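Trainee: Now for the letters of each chain:
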Amino acid sequence: MSARLHWRKFLSNFMLTLTGVCALISVSVLFLILGYLLFNGGTSINWAFFTQLPKPVGEVGGGMANAIVGSAKLLLAASLLGVPIGFLGGIYLAEFSGSSVASVVRYAADLLNGVPSIVTGVFAYGLFKHFSTLAGAFALGIMMIPITLRSTEEFLKSVPRNLREGAMALGASKSRTIATVIVPAAYRGILTAILLALARVAGETAPLLFTAFGNRFWSPGWNQPTASLPVMIYTYALSPYEDWHRQAWSAGLVLLGLILIINIVARTILSRGIVVPRS
Amino acid sequence: MTTATPTIHSAGPRVGSRSFLSQLRDGDEIARLVTFLFAASVVLVTVLLVLELWTNSALPRTKFGLHFFVTQVWDPIMNEYGALPFIYGTVMTSAIALLLAVPLGIGAAIFLAELAPARISDALQFFIDLLAAVPSVIYGLLGFFIIVPLMRTVIYPALNKPLGFMPMFKGPSYGVGFLTAGIVLAIMVIPYIISVSREVLLSVPRDQREAALALGSTRWESTWKIVVPFAKTGIMGSIFLALARALGETMAVTMVIGNTPKISASIFAPGYSIAAVIANEFTEATGDLYLQSLIELGLVLFLLTFILNGLARLLIIVTTQKGSGIAV
Amino acid sequence: MKRIPMLLAAAIALSALIWAETPLLINGAGATFPYPIYSKWFDVYKKNNTNLEFNYQSVGSGAGIRQVTDGTVDFGATDGPMNDEQLKAFQEKRGTGILHFPTVLGAVVPTYNVPGVSGALNFTPDALAGIYLGKITKWNDPAITSVNKGVNLPANDIVVVHRSDGSGTTYCWTDYLSKVSDEWKTKVGKGTSVNWPAGLGGKGNEGVTGQVKETPNSLGYVELIYAAQNNIPYGTVKNSSGAFVKADLNSVSEAAAGAAKEMPDDFRVSITNAPGKAAYPISTFTWLLIPEKIPDARKREAIKGFLSWMLADGQGYNEALTYAKLPKEVIEKEKKAINKIQ
Numbered sequence: 001m002s003a004r005l006h007w008r009k010f011l012s013n014f015m016l017t018l019t020g021v022c023a024l025i026s027v028s029v030l031f032l033i034l035g036y037l038l039f040n041g042g043t044s045i046n047w048a049f050f051t052q053l054p055k056p057v058g059e060v061g062g063g064m065a066n067a068i069v070g071s072a073k074l075l076l077a078a079s080l081l082g083v084p085i086g087f088l089g090g091i092y093l094a095e096f097s098g099s100s101v102a103s104v105v106r107y108a109a110d111l112l113n114g115v116p117s118i119v120t121g122v123f124a125y126g127l128f129k130h131f132s133t134l135a136g137a138f139a140l141g142i143m144m145i146p147i148t149l150r151s152t153e154e155f156l157k158s159v160p161r162n163l164r165e166g167a168m169a170l171g172a173s174k175s176r177t178i179a180t181v182i183v184p185a186a187y188r189g190i191l192t193a194i195l196l197a198l199a200r201v202a203g204e205t206a207p208l209l210f211t212a213f214g215n216r217f218w219s220p221g222w223n224q225p226t227a228s229l230p231v232m233i234y235t236y237a238l239s240p241y242e243d244w245h246r247q248a249w250s251a252g253l254v255l256l257g258l259i260l261i262i263n264i265v266a267r268t269i270l271s272r273g274i275v276v277p278r279s
Numbered sequence: 001m002t003t004a005t006p007t008i009h010s011a012g013p014r015v016g017s018r019s020f021l022s023q024l025r026d027g028d029e030i031a032r033l034v035t036f037l038f039a040a041s042v043v044l045v046t047v048l049l050v051l052e053l054w055t056n057s058a059l060p061r062t063k064f065g066l067h068f069f070v071t072q073v074w075d076p077i078m079n080e081y082g083a084l085p086f087i088y089g090t091v092m093t094s095a096i097a098l099l100l101a102v103p104l105g106i107g108a109a110i111f112l113a114e115l116a117p118a119r120i121s122d123a124l125q126f127f128i129d130l131l132a133a134v135p136s137v138i139y140g141l142l143g144f145f146i147i148v149p150l151m152r153t154v155i156y157p158a159l160n161k162p163l164g165f166m167p168m169f170k171g172p173s174y175g176v177g178f179l180t181a182g183i184v185l186a187i188m189v190i191p192y193i194i195s196v197s198r199e200v201l202l203s204v205p206r207d208q209r210e211a212a213l214a215l216g217s218t219r220w221e222s223t224w225k226i227v228v229p230f231a232k233t234g235i236m237g238s239i240f241l242a243l244a245r246a247l248g249e250t251m252a253v254t255m256v257i258g259n260t261p262k263i264s265a266s267i268f269a270p271g272y273s274i275a276a277v278i279a280n281e282f283t284e285a286t287g288d289l290y291l292q293s294l295i296e297l298g299l300v301l302f303l304l305t306f307i308l309n310g311l312a313r314l315l316i317i318v319t320t321q322k323g324s325g326i327a328v
Numbered sequence: 001m002k003r004i005p006m007l008l009a010a011a012i013a014l015s016a017l018i019w020a021e022t023p024l025l026i027n028g029a030g031a032t033f034p035y036p037i038y039s040k041w042f043d044v045y046k047k048n049n050t051n052l053e054f055n056y057q058s059v060g061s062g063a064g065i066r067q068v069t070d071g072t073v074d075f076g077a078t079d080g081p082m083n084d085e086q087l088k089a090f091q092e093k094r095g096t097g098i099l100h101f102p103t104v105l106g107a108v109v110p111t112y113n114v115p116g117v118s119g120a121l122n123f124t125p126d127a128l129a130g131i132y133l134g135k136i137t138k139w140n141d142p143a144i145t146s147v148n149k150g151v152n153l154p155a156n157d158i159v160v161v162h163r164s165d166g167s168g169t170t171y172c173w174t175d176y177l178s179k180v181s182d183e184w185k186t187k188v189g190k191g192t193s194v195n196w197p198a199g200l201g202g203k204g205n206e207g208v209t210g211q212v213k214e215t216p217n218s219l220g221y222v223e224l225i226y227a228a229q230n231n232i233p234y235g236t237v238k239n240s241s242g243a244f245v246k247a248d249l250n251s252v253s254e255a256a257a258g259a260a261k262e263m264p265d266d267f268r269v270s271i272t273n274a275p276g277k278a279a280y281p282i283s284t285f286t287w288l289l290i291p292e293k294i295p296d297a298r299k300r301e302a303i304k305g306f307l308s309w310m311l312a313d314g315q316g317y318n319e320a321l322t323y324a325k326l327p328k329e330v331i332e333k334e335k336k337a338i339n340k341i342q
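Residue numbers (the numbering used here), protein chains in the order written: chain A, 1 to 279; chain B, 1 to 328; chain C, 1 to 342.
If you are wondering where the hints come from, they were derived from the structure by calculation, not from laboratory data. Bear in mind that the values here come from a model prediction, so they are computed numbers and not experimental data. All C-beta atoms, glycine included, are put in the ideal place defined by N, C-alpha and C. Nothing false has been slipped in among the hints.
Lysine-lysine pairs mimicking DSS-like chemistry, simulated, CA-CA at most 25 angstroms apart:
#1 C:Lys293 <-> C:Lys304
#2 C:Lys299 <-> A:Lys129
#3 A:Lys157 <-> B:Lys232
#4 C:Lys304 <-> A:Lys55
#5 A:Lys129 <-> C:Lys293
#6 A:Lys129 <-> C:Lys88
#7 C:Lys135 <-> B:Lys170
#8 C:Lys238 <-> C:Lys277
#9 C:Lys47 <-> A:Lys55
#10 C:Lys299 <-> A:Lys55
#11 C:Lys88 <-> B:Lys63
#12 A:Lys55 <-> C:Lys325
#13 C:Lys46 <-> A:Lys55
#14 C:Lys340 <-> C:Lys328
#15 A:Lys9 <-> B:Lys225
#16 C:Lys328 <-> C:Lys304
#17 C:Lys185 <-> B:Lys262
#18 B:Lys63 <-> C:Lys187
#19 A:Lys157 <-> B:Lys225
#20 A:Lys129 <-> C:Lys93
#21 B:Lys262 <-> C:Lys213
#22 C:Lys46 <-> C:Lys299
#23 B:Lys262 <-> C:Lys138
#24 C:Lys187 <-> B:Lys262
#25 B:Lys170 <-> C:Lys138
#26 B:Lys262 <-> C:Lys135
Over the 12 angstroms line for every Cβ pair with chain C, so calculated as not near, a few chain B residues:
#27 Ala40
#28 Leu48
#29 Glu52
#30 Ala116
#31 Phe126
#32 Leu159
#33 Ile307
#34 Leu311
Covered stretches of chain C (chain A as the covering partner; in silico rule of three or more C-beta atoms under 8 angstroms from a C-beta of chain A):
#35 24 to 34
#36 194 to 205
Could you put the whole structure together from the sequences, leaning on the hints where they help?
Mentor: Okay, structure coming up:
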């Protein structure tokens, strides 16, 4: 074997090992974070945490039941706003638009993504002028749009050409092709993007400070201020009390757990019989 | 792994009648219109946001004009405001974040997409996605309790001793500062890069790799020279997402950057970013000029994002061959 | 795909079920400093009045002032009294005045992390002003050593820590510095956010506490509660009578008692550097902001009822949470002021 071949082989093994190291580092960071949260907040998680309202400081117990429900409501409503816009907008960009329109929309989405979350909150406050779950969901929904849009477009575009052409050859109209062939082929990537967007807004505090505000009690309906896990974490973590600190870590754990469950549920329910072969 | 061909429903009677064809076209037209409306709404929201920022920052714009961009003073009592230290801090921390996150993220994505067995790859991806769900407040706290002491006791001595003669590595370290904020941001944006890049890499058709290998390339060569370029737009897209996230992050940055509106060459020095100062001072700001100056900072961030995105796109256009179908 | 609409419908139905019967919700926003005692009070009050819910969120004094002016909340709370400009703005926007009601007392203390020093250091007003102006840079500066005989202060640089977020704590601290140092007054001034001549910014009292704990040779200022709860060393400050006083519930109450005799009718008073031998010089009231005219009768009665309770039974909960009680004279005056709410 020539020296050059040796070198290429060595380089190949070296670089591939390096990528493994990258993956290792990334995953280790996650486990470190999880471990820290578990260590600091694991003890405060009990049944009361999930079922009781927050208690003022000095009183043992209490929980964040209203914040858990509040976060769930906010995420649900935010998805109803952000996902359709991002998803359908992405379809437009990938399937129908000309390149200049597409550039503008993409640029706008990237700009939107860079807006500090507190500015989005202030924007929503300016529109709603009243603290409510809806206002909070609006702010969060806007933040979901860019990730969903850009990713939907990318994954639709990456569907192999022969699938499209096959459908066209069989006489399917464009909209049919998109609905029954292309989207299903790209669904995994799109779902990943949607879940990523959801995960991101689930942990946002700043936009909620001016929209959903916060609530020590239950928030009925959609038009009242509501508690949410990130705001509770923020309030408790920056307080002087050890007990509240522990509860803040616990809330962080619960939030992660919530996202984990949504991830699992979404992936299993929405998994279909059609699978595009993994290359 | 099941290889199933997607089922395609029949599009209808094959006899082409004019009315039926126009029905087909209408379906497409409706789809086109509907999806266009949604895409347009994205632009609408962005424009509305910019408009609101613009109208609510009228006072400082008239008072300071372009001076706002070059003034270094931020004084709420004397009512003098300037954006320069914040622009500097935002750019610095985001640059550090990307420098760390992009190689790590792409490397990890390559590993997960090309080398790891499917089950492990899926499982690990699952966990990496969870990183995106960690609330930014918690990132801030973790950064403060773990990375800040680490910086002061381990990282700073390690870098300062050999490289301390360079202005970039000079100076004392208090633990908080540009580098710390950059590290925290890098951790926050890595899941986006890995997640999206991995999916895009997975969607590269198998025959591309096989063709390269058949021609005698090593595994690495086929990955780096064939597969990755094929997935280039997706990967670039993920980097755009990461950049945007880093530029706009508020809570986590403010806990580890030191919150000092000063420009320093050293990465260990404390600094400030636009998003952090807005997060810190917005809720307490009283007085129209003060409040509106903060909003103008938001506008400046918009402009910054605009320029950085533009530059990045230019870079892609310049370094990509014509007709290779890369979309910006 | 068919399962998605069903899922959505189920979720929406579930959430609608949480539509319980609605007690009267009264929203308030403002200062973070009194959040623990307010949450205690409102919780106790709800137990005794189940049809009333006082929802208080600590978004910051400035936001509290803004939101009560906008009318998005029913009452506000602030660590620094509203200035004339803000009062005017409220009058113009809402067509009525706004009343300040002091609720509890707090104090701001200098906390530090000096290797080898575990006890309480003494600080003069000049020393504090000089350090925060960036003019006194070393721990063994004569301004500090001269009043701390017997303590071995190192020749290290002082790392100054202040608040990065706007806050009433900063307002109190800078208000005090403005009173004791002309240079501070002209160069920096007082406010919830200022242009700090020196130092790092920490977010929240927690941020400053944490920063000081982590950074050797640092000096910061925090609310008394944080110092007490976190067991960090904090120093004494020389008051206007020349005594070095450590902040605690007594010395803070002393500061208020001194000012109580001269309390203006609108309760907007600064009690920093108050007269009195045992008074702690960096103390402050914190206020609830109540509009003078409240059209909704239910809300009006609820708020008035709460205020009366707060001035009587409510004060009994203060000390357990390290807040000082209001002096008797102030309480009496406030009780009369409640009648101003129409």
